[in-house]
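A.B. asks: Sequence:
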Amino acid sequence: MVRSEDISALESAWAQAISQPGDVAAYCRTVEALCEQEMAGKALTLAGEMVEALAAAGRVDDARALAVAVVGNKAHNDKLAQRLYELILKQDSGQAWFERIRDMARLTENNVNAQSLIDYENYRQFTEGHVLFHRGGWGEGLVKEFRPETDEVVIDFVKGRAREMPLQAAIESLSPLAPDDLRAMQILQMDQLQHMMEHDPTRLIQLAARLFRGKITSTKLKEVLCPSVVPTKKWAGYWKRAKAAAAHDPWLQVEGTATRPVYTLRKKPISLSDEASREMKYAANLAESIEICRSYLGRTHDAAARDTILGMAQTVIEASLSRSGTETGAPDAAELLEGILLLGSHGRTTSVTPAEELRVLLTENGELHPERLNRLTIPESREHAVTLLPEALGEGWAETCAQALPLFPADVVEGVVQRIVDAGKAHLMVGLWDTVAPYPRRHPMMTYLMGCLYADGHFDGLEGAPDRWAVGRVLLHLVRTLTMDRKGDAMKGRLLTRLVSLMTGRREFLARILQDISKEDCANYFGITERGGPDFPQEIGNTILRTVANRFPELTAKPDKPFWELEFNYVTAEGLARRREEYRVLVEEKIPANSKAIGLAASHGDISENSEWDAAMEEQRNLTSRATTMDEELALARLIEDQHVPDETVAPGTRVTFTNLTENREQTVRLLGPWDVTTDDVLNYKAPLGQAMLGMKPGQVARLEIGGKFHELRIDNVEKVI
0 MVRSEDISAL ESAWAQAISQ PGDVAAYCRT VEALCEQEMA GKALTLAGEM VEALAAAGRV
60 DDARALAVAV VGNKAHNDKL AQRLYELILK QDSGQAWFER IRDMARLTEN NVNAQSLIDY
120 ENYRQFTEGH VLFHRGGWGE GLVKEFRPET DEVVIDFVKG RAREMPLQAA IESLSPLAPD
180 DLRAMQILQM DQLQHMMEHD PTRLIQLAAR LFRGKITSTK LKEVLCPSVV PTKKWAGYWK
240 RAKAAAAHDP WLQVEGTATR PVYTLRKKPI SLSDEASREM KYAANLAESI EICRSYLGRT
300 HDAAARDTIL GMAQTVIEAS LSRSGTETGA PDAAELLEGI LLLGSHGRTT SVTPAEELRV
360 LLTENGELHP ERLNRLTIPE SREHAVTLLP EALGEGWAET CAQALPLFPA DVVEGVVQRI
420 VDAGKAHLMV GLWDTVAPYP RRHPMMTYLM GCLYADGHFD GLEGAPDRWA VGRVLLHLVR
480 TLTMDRKGDA MKGRLLTRLV SLMTGRREFL ARILQDISKE DCANYFGITE RGGPDFPQEI
540 GNTILRTVAN RFPELTAKPD KPFWELEFNY VTAEGLARRR EEYRVLVEEK IPANSKAIGL
600 AASHGDISEN SEWDAAMEEQ RNLTSRATTM DEELALARLI EDQHVPDETV APGTRVTFTN
660 LTENREQTVR LLGPWDVTTD DVLNYKAPLG QAMLGMKPGQ VARLEIGGKF HELRIDNVEK
720 VI
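The sequence shown runs 0 to 721 under numbering that gives the first Met the number 0.
Careful, some of the hints might be misleading.
[Stated by the list, open to error] Under the rule of at most 27 Å between Cα atoms (straight-line distance), these lysine-lysine pairs were calculated in the DSSO-like manner:
no., residue 1, residue 2
1, K41, K78
2, K266, K41
3, K242, K267
4, K589, K491
5, K214, K242
6, K589, K486
7, K266, K214
8, K685, K560
9, K266, K242
10, K73, K41
11, K233, K219
12, K232, K221
13, K267, K73
14, K486, K518
15, K219, K266
16, K267, K239
17, K719, K696
18, K143, K89
19, K280, K239
Since the hints were made in silico from the structure, they are not lab data.
Build out the structure end to end from the sequences listed, making use of the hints.
C.D. replies: Encoded structure:
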């Protein structure tokens, strides 16, 4: 707040802090910053109030530290100096060394001034618990004992053993280290340094730079911090965070190169507007400039600073607009639109309206390209762009958008649909059903929205509208796919929740569908819920089960068929694991790699004569088709190990010895699932030979046509292998 010169906000926040004081270090830094900005009077007023609040809360140490900070910055008056003396008496008068230190500082009731107070605080650093630095090479040491009777101190040096020294010799050869000196903190506050390493990396750079008169190279920085503060194995991660944060630190000036930066501590922090100006000067492109402005606008509370930053943004954006479409390397329309929208959100206008720039972004050669909305980097920009569609596209915008709805990004398509509905043009979307219904996994949001439109009656009586049972069936398929895909995908999880609410919530869409559903459709619905597995939403499953129980109880009757005649794919656990791994490789490796290949091919220019693009798109169709097929197969997978395999009966999970009577040849096979065929002795039970023998017992003969010739197969022996 001091940096942004928003003193009103500072005073308000300070007043709130007085009722429950927080970290005194932050208050000391505020005092220092105010003095740097030549506002010592304000520093004195605020600090005086906080000193009393801290003392009243029993935090005498902190009250004293804040008062010392004010005196050290020459912002005190006689009243504050006297108050600091009272705190010294309250805290130190019982110490054995008090009278000796006070005499050395010439601090008495009749001589309370800034110099005597500062001298007292300096001499007090030679008492127990303080860190000193030996200028002759012994390094840092912790005062373990002060002996006023002999005028000696005992110091435990980091580089050696404890040493007894005359007090005067110690004063002449050692320098007190401030509590926030990096060397002192390494002895007394290592836990705080570790916290800085994780959460405030540039603070460590500042502390290290102070050791070298405010300027430090990256090489020296590593020598100082690693491994004493930052463990060697954590240095790479810390250094990456620290370099990134240093570029935004108002106290640090960054020079040198990207790989070997040099850091200099500024005498005072630059203001937010100055900092924004500096960063915009080195921005790589318009998008980066806009992001810098957005970031700093979010951080400032001062109206003047905000106007300054907006003025810089407007200058950059208007200059870019003047080059738009006229120069090689001109800014992208999406970047320009984001800049225009940013200015508009703060009440500023530009020479090009947002709607005009949106039209440039979305249209080319008379065609709409709604997928380009994805080039807008923040959700707010994409949502705002949707509200501008009528103005940007003009008369017929609803018809144009309705035809292209499946191409709109998933996070904005709902807003587009709602605007078409609000315009009274919902009927324009009925024709999209045939486009999205066959592919609910590919168009989950559009499928859901089409269901909403149908449930709300927008398609009632329209030619080409699907019947409600078809809509229900597609929505159930969408429920099933979202149930399987939602893990690790928060958007699909939220969509599933909304879909369940559509079907079983206040709209009661599913209940309305089930009122006069046919047995065939009900069986289809029931089958979808059964294949959905244990994670299928219980609300939907129970609603369908009640209809089955009340109207078609025979659908849940146990079949007399043996298990291998059901629609499932029976495999061993090993075979199922193998298939799931193949599916994982396809979905998590091959399809993403193909997407990258498509992006790379698109970057090569005109896709109409781009063989790499054609090949990548063909591969995409093959991969997605394969993934859909495998997904459906896996949904039907059941373990042979979980089934009851009858004794002496050919079934999945048995070893069968049979004789081909036609060729007088004996053969033994293991009858397993389609994903278990890894050796020559394994036979897929769904293969023609396996199907011919299923259900047979020893002594029975099966007949099978092979190559136009019938063969008789006698079952000789059957034994379970699972």
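A.B. asks: Which hints from the list above does the structure break, by number from lowest to highest?
C.D. replies: Failing hint: just 14.
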